[in-house]
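Below, each chain spelled out in residue letters.
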Amino acid sequence: MRDKLMFALAAVCAVILSVNFYKIFLVLPDEANQGAIYRIVYMHVPSIFTGFTGFFVALAASGAYLATGKLKYDAFASAVTEVSLAFATIVLATGMIWGRIIWGIWWTWDARLTTMLVCWLIYAGYLMLRRAIDEPTQRARLSAVVSIFGCVDILIVWKSIEWWRTQHPAPVLSVRDGGGMAPGMEAPIYWNWLAFMCLAAILVMVRMRQEQMSNEIDSLRRTAHAY
Amino acid sequence: MSAAALQIGGVSKYYGDFPALRKIELNIEAGSTVALLGRNGAGKTTLLRIMAGLSKASEGSVRIAGADVRRESTRRRIGVLGHGISLYDELSATENLVLFAKLYSLAEPEKQALAWLERTGLGRVRDGLVREFSRGMRQRLAVARAFIHEPEVLLLDEPFTALDDRAIAVLQSLLGDAHALGRTIVISTHQLKEALGLATHVALIQRGQLAFTGERTQQMVDDTGWLYRTHGDN
Amino acid sequence: MSAFLKASWTIAAKDLRSEMRTKEAFNASFAFSLVILVLFSFAFDPSSEELHTIAGGLLWLVFSFAGALVLNRSFARELQNDCLDALISSPAPVSAIFFGKTLANFSLLMIVEIAALGVFAVLYDTHFSKQFFPVVLVMLLGTWGMTVIGTMFSALTVNLRMREMMLPTLVYPMLLPALMAAMTLTSDLMSGTPLGGDNMIWLRVLAGFDFIYTVLAMVFIDIVLLG
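Just so you know, the sequences run in chain order A, B and C. The numbering of the first sequence is the working numbering, which starts it at 1 and goes up by one. The numbering of the second sequence is the working numbering, which starts it at 1 and goes up by one. The numbering of the third sequence is the working numbering, which starts it at 1 and goes up by one.
Mixed in with the good hints there might be a few duds.
[What the hints assert, rightly or not] Each computed BS3-like pair below joins lysine-lysine, with the alpha-carbon atoms no more than 30 Å apart:
1) A/70 x A/159
2) B/193 x B/23
3) B/56 x C/23
4) A/70 x A/4
5) B/56 x A/70
6) C/6 x B/111
7) B/23 x A/70
8) A/23 x A/4
9) B/23 x B/56
10) C/6 x C/23
11) B/56 x A/72
12) B/193 x A/72
FYI, nobody ran anything at the bench for these hints, they're computed from the structure.
My request is simple: use the sequences and hints to build the entire structure.
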């Protein structure tokens with residue numbers, strides 16, 4: 001059942017991405033100010049959506065674990081955080097490349113990029129914490145608390161950096177300098193977002209299965225060594 | 001004050017999928033002294049920690065005189081002596097005892113502290129820092145700390161391990177006094193001889209399960225291996 | 001309520017007495033602050049106008065590093081003789097144990113920070129006597145935020161291996177909004193701008209941060225310490 005679902009999602013994802021990439025690279029014209037590089041927005045922005053939603057999903061899963069004590073919620077939270085970390089890395093990498101090409105600098109304290117960096121650090125801290133704890137129940141409990149604190153923090157960080165930016169303006173990574181983008185150009189962002197979410201869902205499912213198997217092995221090992 | 005009964009109802013503890021304790025059912029009568037026996041890794045310490053409210057059971061509950069063990073009023077009636085001495089090295093003997101007296105809301109904490117220091121033979125070193133004490137002195141102070149609030153239920157995890165003979169004598173005398181006052185005592189131990197001498201009942205834990213409970217008989221005291229041979233699976 | 005406060009006070013007094021006797025964390029913390037302040041003056045040799053704009057950043061960098069030294073020891077000192085077990089099995093509410101330790105850490109940190117502030121004023125020849133009380137207010141709010149999060153994570157990591165590394169890794173990203181606010185406010189105050197107008201938003205961020213995390217910590221400390 002799960003395998004069928006994964007294949008279905010993979011198929012949807014592949015179709016959307018092929019159509020989109022064709023459109024992005026071969027159909028759409030270059031943007032007025034930025035030239036060809038603006039196409040990176042089609043990777044950058046959908047990754048932001050995907051990377052961010054990870055926080056809230058992980059928060060919900062952590063809350064579910066603390067409420068019910070069922071380890072599958074913890075496995076889910078962990079998988080989602082890992083996948084979100086991967087997407088956060090994509091955001092940072094594409095952001096850096098974009099910034100380098102259009103302004104010649106590798107980094108800018110752009111609101112989104114900075115928030116994503118903090119996001120990345122908190123995710124990485126969560127995963128490092130999990131590595132440091134062997135016992136599954138303790139690991140689930142403590143990482144759930146970190147997840148909740150982290151999610152609240154990221155909301156505060158997001159708002160704070162926006163306020164900071166209004167006081168200290170800096171280069172912004174965007175294609176919307178004037179008004180919005182031309183209508184034909186916006187659609188691929190949303191399609192890519194859908195494709196990335198499908199991809200994220202597949203990765204989460206794979207990761208969850210790994211985590212659950214590893215838990216089984218761990219408890220078998222404990223049983224074998226205990227008595 | 002009358003002593004309280006301990007009810008362990010269907011307690012299980014899981015670490016992931018691994019069952020450290022499996023559906024332990026045990027009713028401990030008020031005023032009894034129970035020796036909790038079992039090999040290393042059987043689950044004695046896990047069970048004691050749940051009884052002391054330090055750990056949460058995955059299933060089941062522990063009730064003392066009908067109330068859950070994590071309630072504040074219940075914790076006031078429990079005294080715990082664990083593996084470590086639970087004393088602060090940088091504080092003096094008096095300061096340590098006063099701290100715990102205050103946490104247990106005793107009236108006149110200083111007076112109580114001094115009384116217990118005398119009772120455990122530490123009156124002369126009351127202002128000495130714990131880090132300067134010998135091991136035996138630290139053990140005696142730990143015992144004072146566990147008893148200072150006159151708990152109705154005493155939980156001791158391997159209390160006789162590595163005590164010198166003076167400390168053993170102090171502990172045995174205090175436990176005897178507590179028993180005479182009708183307190184309920186649970187001692188988890190390997191040292192069968194010291195514990196079985198004091199015990200009225202015995203419980204054997206094997207692989208997370210309760211293998212045997214019953215009254216302590218003279219045979220158990222005389223032949224300390226008998227219990228393991230008969231009810232354990234060696 | 002009064003039982004909670006009484007227990008918190010007993011624990012705070014115990015921690016402070018303990019620390020004052022050995023002065024380990026206090027000395028390390030203060031020495032470290034001095035070293036950073038001195039090194040900074042060699043590294044950057046700031047003129048007095050430049051200094052005011054970066055004063056906030058420098059000071060809070062010093063405070064947060066000094067803080068890490070104090071906060072790491074907070075719950076770690078309970079491990080030594082299994083003292084934490086005795087505290088938890090006592091009638092004192094777990095939240096009171098946490099609150100008492102937070103109070104003690106806060107007091108200790110404030111002492112180190114005021115001393116470091118004095119050294120800063122002397123070494124860098126700054127004059128901010130008109131803004132002294134607002135600076136102290138910002139220090140109080142910022143240090144409380146740092147202490148609440150630091151003590152919470154000290155409790156969380158107390159039984160883990162690599163504790164000394166895990167604590168800063170988890171805590172610093174979480175502290176970002178509070179540090180940003182504190183740095184901005186302090187720099188502004190040192191440059192002579194009084195509190196008010198544009199600044200007030202950062203004061204609100206600090207106060208909000210403190211409130212939210214104090215509540216969260218009190219709620220979750222039970223889950224963290226009771227396994």
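Contradicted hints - numbers only: 1, 3, 12
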